[in-house]
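**Student:** Go by the hints and put chains B and C onto chain A.
Chains as they are written, first to last, in my numbering: chain A, 8 to 306; chain B, -11 to 511; chain C, 6 to 311.
Bear in mind the hints are in silico, worked out from the structure with no lab data behind them.
From the structure, some residues in chain C lie toward chain B, with a derived Cβ separation under 8 Å: (1) 160; (2) 169; (3) 268.
If you only want the chain A side, here are some residues facing chain B, beta carbon under 7 Å, derived: (4) 66; (5) 249; (6) 250; (7) 251; (8) 263; (9) 264; (10) 265; (11) 267; (12) 268.
Each residue gets a CB set at the ideal place from its N, CA and C atoms; glycine is no exception.
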Amino acid sequence: MSTSAEILTLPSRPPRFAFIRGLRLSGFPLIPTVILVGIAFVAVFANQLAPHNPEIGSLAARFKPPFWETGGSMKYLLGTDQLGRDVLSRLIFGARVSMVVGITAVLFAGVVGTTLGIISGYLGGWVDQLIMRLTDTWLALPALTFAIFLAAIVGPSMWNIVIILGITYWTRYARVIRGEVLSLKEREFVRLAIVAGCSKWTIMRRHILPNVINSAVVLGTLMLGVVIITEATLSFLGIGVPPPQPAWGLMLSDGKQSLMVGRWWLTIFPGCAIMLMVLSANILGDWLRVKLDPQLRQL
Amino acid sequence: MESPASGGTNTNLTRREVLAAAAAASLTVGAPHAAFAAAPAGQLTYGVHVSLAPSWFDPADTQGIITPFMVLYALHDAMVKGMPGKAQAPCLAESWSAAADGLSYDFVIRKDAKSHNGEPVTAEDVKFSYERYRGTSHELMKENLGSIETPDPQHVRFKLKKPWPDFLNFYSSASGAGWIVPKKYVEKVGDEGFKQAPIGAGPYKFVSFNPGVELVLEAFEGYWRKPPSVKRLVMRVIPEEGTRLAALKRGEIDIAYSIRGELAEELQKTPGLALKPVVLQAPNWIYFPEQWDPKSPWHDLRVRQAANFAIDRDGMSQALFLGYCKVTNSVIPYTFDFYWPPPAAVYDPAKARKLMAEAGFASGFDAGLLYCDSSYANMAEIAVNNLGEIGIRAKLEPIERAGFYAGYANKKYRKGIIQAASGAFGNAATRLAAFVVKDGAFAYGSYPDIDALYPQQADELDHEKRAAMIEKMQRLVHEKAIYAPIWQLGFLNGVGPRVGESGFDRIPGFAYTAPFEDLTIKS
Amino acid sequence: MKQYIITRIGYCLLSLFLLSLTIFFFVRVTGDPATLLVEPGASPDDIAAIHHQFGLDRPLLVQYGLFMVSVVTGDLGQSFYYRTPVLELYWSRLPYSVMLATAAMAFSLLLGIPSGILAAVRVGRFWDSAGKVFALLGLSLPSFWVGLVLILVFSVYLGWLPSSGAGTPLHLIMPAFALGWYFAASHMRLTRSSMLEVLGSEYVKLARLKGLPQALVISKHAFKNALIPVLTLAGINFVIMISVAVVVETVFAWPGVGRLLYEGIAFRDFPVVQGTVLMLGVMTVTVNMIVDILYAVIDPRIRLAS
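Just chain A, same shape as in the assembly (with noise of 0.2 Å):
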């Protein structure tokens, strides 16, 4: 844990594109990121770039397909699903969902995670006693498990889910945290603040949280992807969010049947939707936890 010190510290500005060519040199995933920041962007300006409304189908023109095959037409370009039902519209409109979910779970798994992990690795004792056997008790039934138990008691809907979501995760950021905690304790900066006579709080707040931040991050962009995987398999199970919103996860269990007669477009499009997305989130999350620390081994 050598860099974390550095890390604070800002570069000096170097000239334009500079940048750039330095992100690219360092193994930047450009297009990773281009892809997550295409997905947020087509979130947030959903109901002004789909053609149709979502939610709403008709029954003749079920199962249209693409506009390139035979059948299909320019007004439905990616086809249609079994209650007619315009395809890239849901998956537009699935971005928001799959984006909100995801994000708000993810954070509200991190805000919680994190701030337990560094209440329990910086007080130790008996609080972090108690915290990590509560880790442990949650940690023994594995998260998909935990999910369809809370979604079985509180019924799935879409805020549930992202309750659901980050009720499960937040033991895997205060596991990660509290042994970076830990060892962050030692640190000279950190007795030198003691010595100061800083408050244990004080401590927490404004010399151990910008240390873990790194890790935080590095995990929410593996945790995303992780969350939306979930989302999709609870949909399977029929507990995840319920119909008529478009979620992808929701829209490939639907069309699941629809892939065994051939209709591919219903699964695949939102399949390839997930994919990119959660291997996007991967890619660079794989490679900010290279940059910021090539040892964090537990993730």
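**Tutor:** Chains B and C in isolation, oriented as in the chain A frame:
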């Protein structure tokens, strides 16, 4: 049968008549053993959509759902049960009679009825099976029963405390009390032991059961009706529909239960496979719990009628079930006793809009939430669209099955509208009791004129008079548009090329294959 | 050392106790199993009868007490749905789960470790990226979808493999692939980072200074040491696989524990859920504890610090 103008075809007609008579005879329940039946051979494999439960091996535990009968019809037999052509056919009971005062029922047990262990079925077994019954409606069965007499092994008399016109209905189909298990064996191994190795009087014997995986059965050649032609039946659990169809296509299974929607379309197009639709005794409907609240738009009859006109039942059926659902305008299954057929449902959105305008809702209103069982959310989505087209704006609220029915019964969904269904057993009267009459399990309110009729018909012993009263109740339900019935579910199944007689749709309203002894493999 | 082991075992038991408490109350919050065992329209009497039959009408503390007593005596109760002892159900399904997890783990290590090594050693940019991307792809596709596509391609179109069920090794191929692919990425990452660490270690630097060829350095020393953390992660993932397999088990009708648990939750089969979760918890906690102890054995700093 003879047509005078046909000239010299007398002998042909006579032969045809003879063949027709023989065919009719072989279809009649109770025909003697077919002398030309070969020994049972071969195996048929089922792909089942639900996990098989050992409680289905014991008729005493029959809950009020239809799924256990998938297994009961194979392993066990009843005194009186539904068979092809007859809703109450004599099976283990050769004949029966009811006393004029309705206080006792006599049954004569078939002499050649045997259990799988070779023991004959006796009156003691019948008494024992009734007394140990603890499944659906068992308090009702016990409450009305006075005593059971067994004068000799072949005769049983049920004495009731008071006249109960529905006794035979409950004994034969609405409960499992009439399904007979051998008393000595059950007492020897106990209830739990019985579930591990059940013995019954049905056409198939229990061989093995791997929980959640597969059930293996073997033909019982001593079955009174006839020895089954298929030697082994394997029921394999394959919960995922797409996988079930794949298995059927590859010949890994011969019969697949529950193949819906697009997979059913695919099945129809596949050479060698046949789609077998069965209409279930499970009507689906939309209910208006707010209709008794004077401040609600649903209080106005015209609004409820408008909702009825707005639903595109045929379109829904076509889109979701390939058109195999039977559109209905009653919440009572048409196979039930005392069913009154209402005028057909009409899809007329223009008329619906007119009615809405007359009621003062030309610009529509916000109906709140449409609660539904999440497994039927796709139906509900279409319903929401249909209602939206005439101005009734509702938002879908799918709820997981168990939670939904619990909430429905606990009267949680007072505001909004409900889409639900019921496959419960009984007759028209029992359905009305649960869904229409005051204090019914699922009745959110009631009308005094209907309520008044209910106790009257419950005590009426004369069948005609009773039918008239129950018909009147159903008319009132229809006129008041208490419900918007949609259809009776079409249960779609797939059958592979090896199967001769699949057993589907032979017993009206029964979703699964039966009678099992009639199954055949094509040679 | 012994002190460390004893304290870890103590924590194990504490965790399990907390787990039993949590699961006990959790299942009861999911709802009432009686409503699922009867047709809608059942009378309140029917429901009350079921409550009585399963002892659900007794006070919660009494139920918990009985539950704990039965756990200690090795009886995990009887399934509401199957009417068979939970332990029997569990043991009958566990071999299938272990089989599937083993095959999936083998696949995931076969994919993960080489790509991790390649990524660390940077043998040509293409193979390094290709392996990485393939592993990451497994993380980016929901396993149910992968499973269905596999069935479509290999079972229906090509007809090479049976579509579902368990029985022959052929039945195992597709489910193992669908399950293992997801975990390949985490094994790859760990192999890579731990290889990097080892390659930067003093020992390896010394070997290089001595003039030993790169390949020898990598294969003899770096590889072995880099593997230790990967294998421990694999151990932890093995247990996770058993539960996460629920999706693959559903698609392929594979009779494993994951599906048993899922159905238990769906049917509100309290004994099954309680029992299965506890048994899985025992497995998880045991594996974690072994891993922790192994680490303490290898690295004395951890042992002394705690």
